[in-house]
Amino acid sequence: MSLKLIHSPIKALVWKVEVEAGQPIEEYDPLIILESMKTEIPVDSSLSGIVREVLVKEGDSVEENQPLVSIEAAL
Amino acid sequence: MSWEKEVEELNRLKAMTAAMGGEAALERRRSSGRLNVRERIEKLVDADSFREVGALTGRPEFDEGGRVSNLAPGNLIFGRAKIDSRPVCVAGDDYSVVGSAGGATVPGKFAMCEKMANELRIPLVRLLESTGGNSRSLEQLGRTYIPQMEGWETVVENMGTIPVVALGLGPVAGIGAAKMVFSHYAVMVRERSHMFMAGPPLVARLGEVVTKEELGGAELQARAGGVDEVVDTEEEAFACAKRFLSYLPSSVYELAERTVPQDDPHRKDEWLIKAVPQERRRVYDMRRIIKSVFDSGSFMEMTQRYGASVITGLARLDGWPVAVMASDPYRYGGAWTAESNAKVERFVDFANTFHLPVVNLVDVPGFLIGRDAEMAGTIRSGARALSSVFQAKVPWCTVLVRKVFGVAGASHANHARYHYRFSWPSGDWGSIPVEGGVASAYRDEIAKAEDPDAMLSLIEARLNQVRSPFRAAMAFDCEDIIDPRETRPLLCEFANNVAKLREPGPVATALRP
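Same order as they appear, the protein sequences are chains A and B. Just so you know, we're using this note's numbering here: the first sequence kicks off at 1 and counts up by one. Just so you know, we're using this note's numbering here: the second sequence kicks off at 76 and counts up by one.
Bound conformation, chain A alone (with noise of 0.2 Å):
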């Protein structure tokens, strides 16, 4: 079993939480999405598994490289 923290590529606001802990989840499906000068951007996941923990919520504030979301990799 391995786990991969997914990372925010930017320093944002979290906008939006599109998954949560136990989903099953594709490749490219979009995790988070962040809001930064007006414009969403959607953290897409880097491989499929299953969501096993959201690090963030609503609102919050996250920092460039700051984990958003770990996912379990399917096997």
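Don't read these hints as lab results, they were simulated from the structure.
DSSO-like mimics (lysine-lysine), calculated; alpha carbons at most 30 Å apart, straight line:
no. : chain 1 : residue 1 : chain 2 : residue 2
1   : B       : Lys349    : A       : Lys11
2   : A       : Lys57     : A       : Lys38
3   : A       : Lys38     : B       : Lys349
Computed from a prediction, not measured in an experiment: that's the story for all the values here.
Dock chain B against chain A, hints included.
Chain B alone, transformed into the frame defined by chain A:
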């Protein structure tokens, strides 16, 4: 009388330097999967094209009869060669010679190499792997010395004279790191190359315990803007160097050559009409737009991990090499950060230095705002970026893809020049966006309203009506609004129109690293 004997001796001595740091040192490299410096040169340049300069340099030992019994080569090998049939200068650190550290340095060789490339006006490729200064050499010398950068007056001048490529193929510390960044294009090999001013042992003395990967790994340096590209193998690094040089003239005294066009200049991708979402808050794939409008397969992105809200690279239009700048809405909506500003400044100065026409695909909501952005000195670095745009003399074409706001947006071109400019129907511009500016500009009106939120919406709706780019075009504020599918034909026309306007020669504003 013939000089046969002397030529034999010459060949004997050359064989000694060609043996580099000796079989044991070379075997250590082989077993760790690293090429030696001569293998590197061989893989980089055209077959049999390398002509070494200073092949005899080294520290000789003599036998009792005064004959050279051993010749320990210096740690820098350089010479002339060809890449894709064009003359270049190639210089490689020989790490098998006592770690390529200062002790095995042959005085004058580095400076002469830089000078050769400069005076012959040919590109320079540095193959770097060295550990920089070494305290052991002080004991050998019997004294300390005031550091001075021998030959660096030429290194600095080369930034405005010839294309310089630096490949980090192993550790590059201290002066080696400086040789990396004194280039127009620097590449590091992942996990093999580490670049830092001083390595982990020295840093540990200051209380920071880090691995060399944590301190100066390829990903870190690419993210920090120290290098432009990260690859997995040395061979890939050589391929990057060759590809980069293929877009450039041999020096600023020449013009980049057109290659035989491989793509239809009139090609119109249907997809472009829906590339930008109608919803202004949504992102889209600018790289796909770039791939669509430039010659197929010709886009080479540079410096991707740094200042990522601006995409920079080289490409071709109907065979003509051009410099490409574009916004990436995925990063801060395309806003210019302090890093993006530094990237723009360096890139525009680079394009101007080598007379590459610039194509700028714009979606800039402004500079990144907020306290962090202020603390990062965004406005000053932004002013430098703007200066580079206004000082550039190369032909310039702008495509307004979406947002053009504020000072950063206004920096999309030098307004005092002819506006070679097109807008897509998605063009959206102003001093500040309606969404952000209404609350402050109409503060009193909104405060006095019975329902402030409704009043805000009402005013926004009013302003959105005048937001259509067609209104600006009717006032000739925007010269041309086009069907996005027309972009490639128009850009190819631009490249053909301006090819003759490129002027060879050194520029007043050559870039600093």
